[in-house]
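Residue numbers (my numbering), protein chains in the order written: chain S, 1 to 263; chain P, 1001 to 1635.
Honestly, I wouldn't trust all of these hints.
[Unchecked claim] Here are the computed lysine-lysine pairs in the BS3-like style, where the Cα-Cα straight-line distance is at most 30 Å:
1. S/K44 <-> P/K1542
2. P/K1172 <-> P/K1184
3. P/K1172 <-> P/K1040
4. P/K1143 <-> P/K1155
5. P/K1263 <-> P/K1345
6. P/K1143 <-> S/K239
7. P/K1261 <-> P/K1172
8. P/K1261 <-> P/K1291
9. S/K228 <-> P/K1143
10. P/K1542 <-> P/K1345
11. S/K239 <-> S/K228
12. P/K1434 <-> P/K1291
13. S/K37 <-> P/K1040
14. S/K44 <-> P/K1155
15. P/K1261 <-> P/K1285
16. P/K1002 <-> S/K37
17. P/K1002 <-> P/K1040
18. S/K44 <-> P/K1158
19. S/K44 <-> P/K1002
20. S/K228 <-> P/K1542
21. P/K1274 <-> S/K171
22. S/K33 <-> P/K1261
23. S/K33 <-> P/K1180
24. P/K1261 <-> P/K1238
25. P/K1155 <-> P/K1274
26. S/K44 <-> P/K1062
27. P/K1434 <-> P/K1238
By construction, these hints were calculated from the structure, which means they are not laboratory data. Just so you know, these numbers come straight off a predicted model, no measurement behind them.
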Amino acid sequence: MMIIDVDAYVLPTLGRISGGLNYTAYVDIEIDKHIMKYGGVEHKVRIHCYSPERLSRGEMERIARAFDNAFSRYFADVEKNRRIYRYWRLMGIIAYSIATFMAVSSYLFLPRPYNIYAVCIDVFFFHILIFGHCFRPLYRWFLDGSIERGVHRAIRRLRGCEVIEGRDREKLRLVETMRRRFSEMDGGEIALYERLRDYAGNLGFQAAVSFYEWLIRELREEESFYTKYNPASLWRRIKLYYLGFRVEAPRITAPMRNMDVRV
Amino acid sequence: MKWLVYKVPKRDGPDLFHIDLHPFWFLEVEGMYTELEERKERLTIQLLTAGGEAENIERQVKEGLLDTFYRDKKLISEVLRRLLSYYLSLLDPLWLRFFLGPTFLASGLIRGYLSGGAADLLIGLYLLLGNHLLVRRIVNEIKGYYDEVERGIEKALKGLERVECIEHPGLKRLREIMKKAEDKTEAYIEALHTCDQVGLPELKEFYCYSAPITEWRYREPHLGFPIYDKVRSIRKFKRHRRSPSPPSRMRDEEVELFDFKIKARYLYRLSTYKELQDELDRVAKEIGAEKITVYETERGYEINAYEIGDGNEARILVKAGCHGREPAGPLAILQMMRSLEREGKHTNEVLSRSRIAFMPVDDPEGYSMRAWMGVDMAGEEEHWPPQGGPYSLQSEAELLALRLLNRGGLHPAQLLEYAVRFRDPNVVWGDNVKSPRIAALQEYLEEFRPTFALDLHETIGKMADLVYKGAGILSIENFYIPPEIRDRLEYMMKRPENRLARYLSKRRMLRRLLGLEYVRTLMAEIPEFEIGEAMMRHVAEKGFKIYRGEYQKLLDKPSPDWPPQLISIDVGRTIDGPLLFKLDIRVCPTWLYHRFGTLSYTTETFQNPIDERVGEDLAFVEGGILKILGINDGG
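Between the sequences and the hints, there should be enough to build the whole structure, so can you do that?
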């Protein structure tokens, strides 16, 4: 069995909703990419955890379970997509391909004045109809099929994960530097994360950069479950109907204790 | 495959099992089940404990969780059914079936066989019937999927392999708090705020739901209503004022009235009411505000108002903290008061022409507990949700007490009773008020007699985030609309192009074409509308988010409990008539309007970083104050 080593970093964040200050453990892995890369081989993931303060086993197990939960959620999402949207798209494709064919072919039978310019105009407009309603959903359908196959292959071969303390001194120094930097700042939440991201960028700490980028995107994005699955705007409803939902691979994060340096 | 369960320390009674039931919990469990099935594994539960392994833990966990699962199965099915209805509402576009289908059929029949009508007939039939078959197929798929989720949870729990006990330092700290504290409520409040510090924010809900002020005692549970042991007595509180000290302000040209440089970490540190109150008192002293203690609660928490300014042109009331789970309002008031430490462009003018009363928190215990207060028609107060009751009656042994807690260990009957009996403290205002707290607040406001009032609220929490994540500020305006304007507006909004009009309302020309300019002209006759618009302009000018059209749809179809809505045309504003309820009780702003003719506005902020929520409130209030004093027209 292959063992894949990945890193997890405990990075400063602010609490959500009802306030509070805590840190967040971020596992530096992208689930979809991991599945594409290692889905074919039997493997176990070993997470090396880098934290400014030593973590207890209970805290490390929380990171491990966050890893399991994120994978489980991704698998379930893909499965749901496959089961539901297969018919959903089929419905759209059949309905509109017949409609389009009928609309175009009826011109052939109709004894009306019909010249090449009219044909050009019709083809131009119907092209959008056919492309929008047939080819694009069809492509998404095939794409989802391949994702689903990849996921099922990975489910059978992934043998869980274990979390251990990271030993790399360089990486430990990076998380400590981030903590020190955070203890010196205050301001708006997103502005804080932007400053931390830039600081991590200057340090060459790529995992922290991607974590804060994701966090900022999460905070800025005005997309809720409701607006995503049942949007008010007509255009978004149409898109949803024909394209289905994109399965987003969740990021693996777990809340950690507050390790703020008091200054 | 492993699964995490918490053993949470309690003040009295044995520890309780807890699973973090976040909104997408069922997805994780379904995925876990798929994995278990495909890998032919069995489930291992990791139990996070405060330390030490208990005896016979495996049996307790297995039976406790299964028991709870069966008990909560209804809740899970309910959640799933709701999700299902979201999907289904998208599935069957009726225009396709009932408009396009018959049209094709009719055209087929009219045109006849030779001119291509047969195919039209076929497609018409398909649209009417075939499409429907596919929809049914999808519905069955979805149902099958959710059935599988339910079966999966059950199977995974039954096939439990073993239970691993793992020590967690956070839980250890929580246990110490429970042991050390004398008072249960205070212990739970401390634990609630410690949860973030020790990295267990998912347990906050448990402690917040389990920290009531008064314990319920069911003496005759079969009667279906509680009988109280103690006789209720309404306490009279004498309001008292403390004279202010003279302020010293530094000039700051960058600031208009309020300072928008908001520090999120500073705000997050003020998590309990005591911390917030100390800070408010300190700032009040600095800015020379008069402190008025309006009421003192049973636990000794003070409800304060801070008055500042010497003018008579306007008497402004800024109120927040009516609901304990809404921290942005009180923090926004703190930020407003801190801003007055410095002299901005308009500070002197505003303070010399008006008197401002800040009422940061109406429900101090609720603020500390992050809980929701309910008031019944007899004036009895209770924080959501109460505890005790039938559960303690059936404490056969430790085993029965070991339950998964997702509603603070409450029996559904208690939840139902709470929902039926208690009302939101914001809607029990009026002359017949029974709650001593609300009566004291009303008495104070009788003295202050505001001419312009702003009430700051929030809509946040797990389920609200699913709907309103990232939404900007919303102003709820329930001013009086004269009947003739109301009739004309209703006629306008009932027209069939209403939906389209709303969709296109951003474009000015279309707005005019579809008559929305007419609505605006009508509404502009009402001064409250104009001020609301100016405040929203000011919020936009300051660069904050405003509740946008995408969410308006949610307001179009309010739930049966909500009052019917008149207008939601304007971005960021929902305008309805005065909210009156039976028994002569009303919403606070409506009471203010009826009593003193006050221009009243309520704001709602949604899930965003705390500094943004505070900033939105700040901009809204600043816009209002500058507008009514005629200093600024909101950008």
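Exercise for review: Take a quick look at whether S/K33 and P/K1180 sit within 30 Å of each other, Cα to Cα.
Suggested key: violated (49 Å)
**Study point:** 30 Å Cα cutoff - pair S/K44, P/K1062
**Key:** holds (28 Å)
Check your understanding: S/K44 and P/K1155: Cα distance at most 30 Å?
Key -> Holds: S/K44 and P/K1155 sit about 25 Å apart, inside 30 Å.
Point to revise | Proposed proximity, P/K1274 with P/K1155 (alpha carbon, max 30 Å) | key: Measuring from Cα to Cα gives roughly 48 Å; hence the hint is violated.
Review point. Hey, P/K1542 versus P/K1345, does the alpha-carbon distance stay inside 30 Å?
Key: holds (16 Å)
Review point. Taking 30 Å as the top limit, are the C-alpha atoms of P/K1143 and S/K239 close enough?
Key: holds (24 Å)
Review point. Is the straight-line distance between the alpha-carbon of P/K1002 and that of S/K37 30 Å or less?
Key: At roughly 24 Å apart (the allowed maximum being 30 Å), S/K37 and P/K1002 satisfy the hint.
Check your understanding: Within 30 Å, alpha carbon to alpha carbon, are P/K1172 and P/K1184?
Key -> With Cα atoms ~17 Å apart, P/K1172 and P/K1184 stay inside 30 Å; holds.
Check your understanding: Regarding the pair S/K239 and S/K228, is the alpha-carbon distance no greater than 30 Å?
Key -> holds (11 Å)
Review point. Within a Cα-Cα threshold of 30 Å, do P/K1172 and P/K1040 meet the stated pairing?
Key: violated (36 Å)
**Study point:** Given hint P/K1261 paired with S/K33 - CA-CA distance at most 30 Å
**Key:** With a Cα-Cα distance of about 40 Å, the restraint between S/K33 and P/K1261 is violated, given a limit of 30 Å.
Exercise for review: Verify the proposed pairing of S/K228 with P/K1542, using a straight-line Cα cut of 30 Å.
Suggested key: holds (28 Å)
Taken one by one, the earlier hints fail for this structure at numbers 1, 3, 7, 21, 22, 23, 24 and 25, listed in ascending order.
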